[in-house]
Amino acid sequence: MVVEQFLTYLQHEKRYSSHTIQSYKIDLTQFGDFILKTFELSLTEVKYVHVRDFMVTLMDHEVSANSVGRKLSTLRSFYKFLLRENIITASPMALVKAPKVPKKLPVFIEDTKLDLLLDSEELFDDSFPSVRDKLIIETLFGTGMRLAELLALKDADVNFYDSTIRVMGKRSKERIIPIGKGLAEQLKNYISLKTLQNFHNKTTGLIVTDKGADAYPGFIRGIVQRYLAFISTQDKKSPHVLRHSYATSLLNRGADLNAIKELLGHASLAATQVYTHNSVERLKTIYKQAHPKA
Numbered sequence: 001m002v003v004e005q006f007l008t009y010l011q012h013e014k015r016y017s018s019h020t021i022q023s024y025k026i027d028l029t030q031f032g033d034f035i036l037k038t039f040e041l042s043l044t045e046v047k048y049v050h051v052r053d054f055m056v057t058l059m060d061h062e063v064s065a066n067s068v069g070r071k072l073s074t075l076r077s078f079y080k081f082l083l084r085e086n087i088i089t090a091s092p093m094a095l096v097k098a099p100k101v102p103k104k105l106p107v108f109i110e111d112t113k114l115d116l117l118l119d120s121e122e123l124f125d126d127s128f129p130s131v132r133d134k135l136i137i138e139t140l141f142g143t144g145m146r147l148a149e150l151l152a153l154k155d156a157d158v159n160f161y162d163s164t165i166r167v168m169g170k171r172s173k174e175r176i177i178p179i180g181k182g183l184a185e186q187l188k189n190y191i192s193l194k195t196l197q198n199f200h201n202k203t204t205g206l207i208v209t210d211k212g213a214d215a216y217p218g219f220i221r222g223i224v225q226r227y228l229a230f231i232s233t234q235d236k237k238s239p240h241v242l243r244h245s246y247a248t249s250l251l252n253r254g255a256d257l258n259a260i261k262e263l264l265g266h267a268s269l270a271a272t273q274v275y276t277h278n279s280v281e282r283l284k285t286i287y288k289q290a291h292p293k294a
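The working numbering numbers the first residue of the sequence shown as 1 and each following residue consecutively.
What the hints contain is simulated information worked out from the structure, not anything from laboratory work. Some hints could be false.
[Said to hold, decoys possible] Okay, derived cross-link-like pairs now, DSSO-like style, lysine-lysine, Cα gap no bigger than 27 angstroms in a straight line:
hint	residue 1	residue 2
1	K261	K236
2	K97	K37
3	K202	K104
4	K14	K80
5	K236	K100
6	K236	K103
7	K104	K170
8	K236	K284
9	K37	K261
10	K261	K154
[What the hints assert, rightly or not] Simulated restraints on C-beta separations:
hint	residue 1	residue 2	range
11	E122	D214	26 to 32 angstroms
12	A255	H200	18 to 24 angstroms
13	Q289	A255	22 to 28 angstroms
14	M59	S192	41 to 47 angstroms
15	F128	P99	43 to 49 angstroms
16	K202	E13	32 to 38 angstroms
We put the CB at the ideal spot given by N, CA and C, even for glycine.
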């Protein structure tokens, strides 16, 4: 089946993550079902008009422009693969244009608020769960790594001699992130506590649950949301907000944009440049508050 061929290609040649491959599979299954039920066609018989009807149907059901664009990106990659393998002679995606997505500034939390949270003796004590929870917040904010990257960390990825963490990013691209003295000390303390709990016999993962099992996405999200609720009233309180906060903080303190790109593991500078808008908005606010002619 052509879909399975494509997914195998993504796994072994493109080395996409299992999460990304699953997203591609869901999109292609949805499109395949639509094409079969609506036009009684297979995926290899699709033309431009069929893709256009699929787009219209999605938008009629109030699917966001961002989601529609992602599904079209999946189809574009899929039909490019079929064309390369000579399974089809022309791609139905050649004339397809994705709907415009309104630009949204990254949501972040100010450094002062995060400092207050992490310095709180009322919220964090010396117990293992508390030390781990604080470490999760501190690591996400102190390195800017993604949720999946945090979950993939092993104890051995932390280099205390160099004060760095080795992170395996998207498409198995490795990068080294420097860490501060405070985070390094917290990591040492956490790993020692985990050893005392004998959790190292159950898993090699750095972040574990209260019972020593591997942490999972919902577990990390729940912890982040619970603690960020103490300092923020904004709707978004996800691990990615801490990644945005990391990048915005670096930029506000004069860090080079290319350096931020490398630290975040972005493939292109365009993905990093979105943070400059946050800095401009901050400068406008300061100007209005401080300048007599504002």
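CB of Q289 to CB of A255, is that within 22 to 28 angstroms? holds, 24 angstroms
Per the hint of 18 to 24 angstroms, is the separation of the Cβ atoms of A255 and H200 within bounds? violated, 36 angstroms
For the pair F128 and P99, does the Cβ-Cβ distance stay inside 43 to 49 angstroms? Holds: the Cβ-Cβ distance is about 48 angstroms, inside 43 to 49 angstroms.
Do E122 and D214 keep their Cβ atoms within the hinted range of 26 to 32 angstroms? Holds, since E122 and D214 (Cβ atoms, about 30 angstroms apart) stay within the stated range.
Does the beta carbon distance between M59 and S192 stay inside 41 to 47 angstroms, or does it fall outside? Given a distance of about 54 angstroms, which is not inside 41 to 47 angstroms, the answer is violated.
For a C-alpha distance cap of 27 angstroms, please report whether K202 and K104 respect it. Between K202 and K104 the Cα gap is close to 42 angstroms, so the pair fails against 27 angstroms, i.e. violated.
Pairwise hint evaluation, K154 against K261, where the allowed Cα distance is 27 angstroms at most: holds, 24 angstroms
CA of K97 to CA of K37, is that 27 angstroms or under? With a Cα-Cα distance of about 24 angstroms, the restraint between K97 and K37 holds, given a limit of 27 angstroms.
Holds or violated: K14 with K80, Cα cutoff 27 angstroms? holds, 14 angstroms
Restraint status (C-alpha distance of K37 to K261 at most 27 angstroms): violated, 44 angstroms
Take a quick look at whether K104 and K170 sit within 27 angstroms of each other, Cα to Cα. Between K104 and K170 the Cα gap is close to 23 angstroms, so the pair holds against 27 angstroms.
Hinted pair, alpha-carbon criterion (27 angstroms max): K236, K100. Please report holds or violated. holds, 23 angstroms
Checked against the numbered hints above, the structure violates hints 3, 9, 12, 14; every other hint is satisfied.
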